Amino acid sequence: MDTAPGEDAPGTGPAPRPRGELYTAIRGDGQRLAAGLIRLLHAMSAESDLNPTDFQCFALLRVGGPMTPGEIAQSLRLTTGSVTVVVDRLAERGLVRRDRHPEDRRKVVVRLAEGAAGAGVHGGGVPMGLAEAMTALHGRYSEAELEIIDDWLARAGAVLTEVAAGIGGERRRARRRPEGPASA
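Each residue of the sequence shown is one higher than the one before, starting from 1 at the first, in this note's numbering.
Rather than coming from a laboratory, the hints here were simulated on the basis of the structure.
Since the model is a prediction, treat every value here as computed from it, not as a measurement.
Take the hints with a grain of salt, since some may be wrong.
Label-pair restraints from in silico Cβ distances [as the list claims (entries may be wrong)]: (1) Ser142 / Tyr23: 23 to 31 Å; (2) Arg19 / Val108: 30 to 38 Å; (3) Asp150 / Gly20: 23 to 31 Å; (4) Ala25 / Gly70: 37 to 45 Å; (5) Leu160 / Ala25: 17 to 25 Å; (6) Ala15 / Arg98: 53 to 61 Å; (7) Gly64 / Asp104: 17 to 25 Å; (8) Arg155 / Arg97: 29 to 37 Å; (9) Glu21 / Arg155: 41 to 49 Å; (10) Arg155 / Asp104: 26 to 34 Å; (11) Ile149 / Asp104: 38 to 46 Å.
Note that beta-carbon positions come from the ideal geometry of N, C-alpha and C, so glycine has one too.
I would like the entire structure built from these sequences, with the hints used as guidance.
Structural data, given as structure tokens:
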């Protein structure tokens, strides 16, 4: 493992910080990571000549595979009408296609078009320099440390997905509740 001059190798250096201090640091670092990912998303979408929402849909299909418009809407927190517009734009560019659902012919499945992953859209590749930078970063960690990082990322992703699914749920449920008797 190589370290930059003046840096400690992972697992060496000062004593571990108290748990509360670590939580605060993780929260701040997580927020900076999220902001960096948003900046990267916007840069990649601009480079691909897609708006960020269209790019997110393309990336979602690349990672998640074929989905119904309803599943896309739920994943991206869009209305089904908005998803129709997004899918129309992506289909016009030859990036996605609509097929009949294999189990329910009344439904439609949206999938990447043949060759779309390499059609000049960053969702099919990695921005120049990113792979090299991440490989260099990963090189600072042992395989055991990378296993821990991978485990944490997988678990954090699952938690974020679960929390995102619940956000707005109370508001939606409240709108559906019947009003009580009017006060006089």
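Verification of the hints:
1. Ser142 / Tyr23: 23 to 31 Å: 24 Å, holds
2. Arg19 / Val108: 30 to 38 Å: 49 Å, violated
3. Asp150 / Gly20: 23 to 31 Å: 26 Å, holds
4. Ala25 / Gly70: 37 to 45 Å: 39 Å, holds
5. Leu160 / Ala25: 17 to 25 Å: 19 Å, holds
6. Ala15 / Arg98: 53 to 61 Å: Given a distance of about 58 Å, which is inside 53 to 61 Å, the answer is holds.
7. Gly64 / Asp104: 17 to 25 Å: Given a distance of about 19 Å, which is inside 17 to 25 Å, the answer is holds.
8. Arg155 / Arg97: 29 to 37 Å: Check passed, 34 Å falls within 29 to 37 Å.
9. Glu21 / Arg155: 41 to 49 Å: 21 Å, violated
10. Arg155 / Asp104: 26 to 34 Å: 33 Å, holds
11. Ile149 / Asp104: 38 to 46 Å: 40 Å, holds
In this structure, the earlier hints numbered 2 and 9 are contradicted, and the remaining ones agree with it.
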